[in-house]
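A.B. asks: Read off the chains here:
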Amino acid sequence: AQRVTQPEKLLSVFKGAPVELKCNYSYSGSPELFWYVQYSRQRLQLLLRHISRESIKGFTADLNKGETSFHLKKPFAQEEDSAMYYCALSNYGGSQGNLIFGKGTKLSVKP
Amino acid sequence: GAGVSQSPSNKVTEKGKDVELRCDPISGHTALYWYRQRLGQGLEFLIYFQGNSAPDKSGLPSDRFSAERTGESVSTLTIQRTQQEDSAVYLCASSLVFTGRHTGELFFGEGSRLTVL
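Line by line, the protein sequences are chains A and B. So the first sequence is numbered by our numbering: it starts at 125 and just counts up by one. So the second sequence is numbered by our numbering: it starts at 1239 and just counts up by one.
Rather than coming from a laboratory, the hints here were simulated on the basis of the structure. Where hints are given, some of them may not hold.
[Claimed, not checked] Covered stretches of chain A, as calculated for chain B (at least 3 residues, CB under 8 Å):
id, segment
1, 164-171
2, 226-235
[Said to hold, decoys possible] Straight line, CA to CA, 25 Å or less: simulated DMTMM-like cross-link-like pairs of lysine to aspartate or glutamate:
id, chain 1, residue 1, chain 2, residue 2
3, A, K230, B, E1282
4, A, K181, B, E1343
5, B, K1295, B, D1256
6, A, K227, B, D1294
7, A, K181, B, E1348
8, A, K230, B, E1343
9, A, K227, B, E1282
10, A, K133, B, E1282
11, B, K1295, A, E191
12, A, K227, B, E1343
13, A, K227, B, E1348
14, A, K230, B, E1323
15, A, K133, B, E1323
16, A, K133, A, E144
17, A, K146, B, E1343
18, A, K227, A, E144
19, A, K146, B, E1282
20, B, K1255, B, E1348
21, A, K234, A, E191
22, A, K133, B, E1348
23, A, K146, A, E156
24, A, K189, B, E1343
25, A, K139, A, D186
Beta carbons are placed, not taken as given, at the ideal position from N, Cα and C, and that holds for glycine.
With the hints as extra help, turn the sequences into a complete structure.
C.D. replies: This is the structure we're talking about:
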């Protein structure tokens, strides 16, 4: 079954420290993975997708098919990075068409 | 506005009553999704529309839940005979589909917070 696991509910780091939000997935096909972010009092929005291989707001994520992981990383956390982060797996194919989300990790960056 | 619009933003109802939640997607977005987020939980997929057909209803938790969509526009999610466990934030999202391929970028509304007493 398709599944996304984010093992940490809460991650707290100090400003300037490296941060890694973990995401593991279970998918039988060729996965497409995404990170979504929800800042306080804002809508859930796309942060980055693995096929773009982009860096957004200093964040990167590499798809590791061997470990079935898509961890989100940033070398130096900023206070404005504090938010809820959701890892998501596309489930498009046949009659299915949705993103499967993990339960989310709340990142708190302390001054 | 240009974003996904949901109404009502807050709804308090009594157990056993029916509720209707509305979603106005971004103009031109053919795909529309409903998700549910219970307190402290992740996003739970409910239903997906492509145009006005629903090829994936796999997430609807019971037959008390139904949804419809008019053309490639407004969608309503109806919950009949509400129960306390239906209390959650109901999120709607829309996205573009290019030549049958989903972009994977969902644009979310602010959600409708439902409280069943």
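A.B. asks: So, against the hints stated earlier in the document, which numbers end up violated here?
C.D. replies: Of the numbered hints given earlier, those the structure breaks are 11 and 21, listed in rising order.
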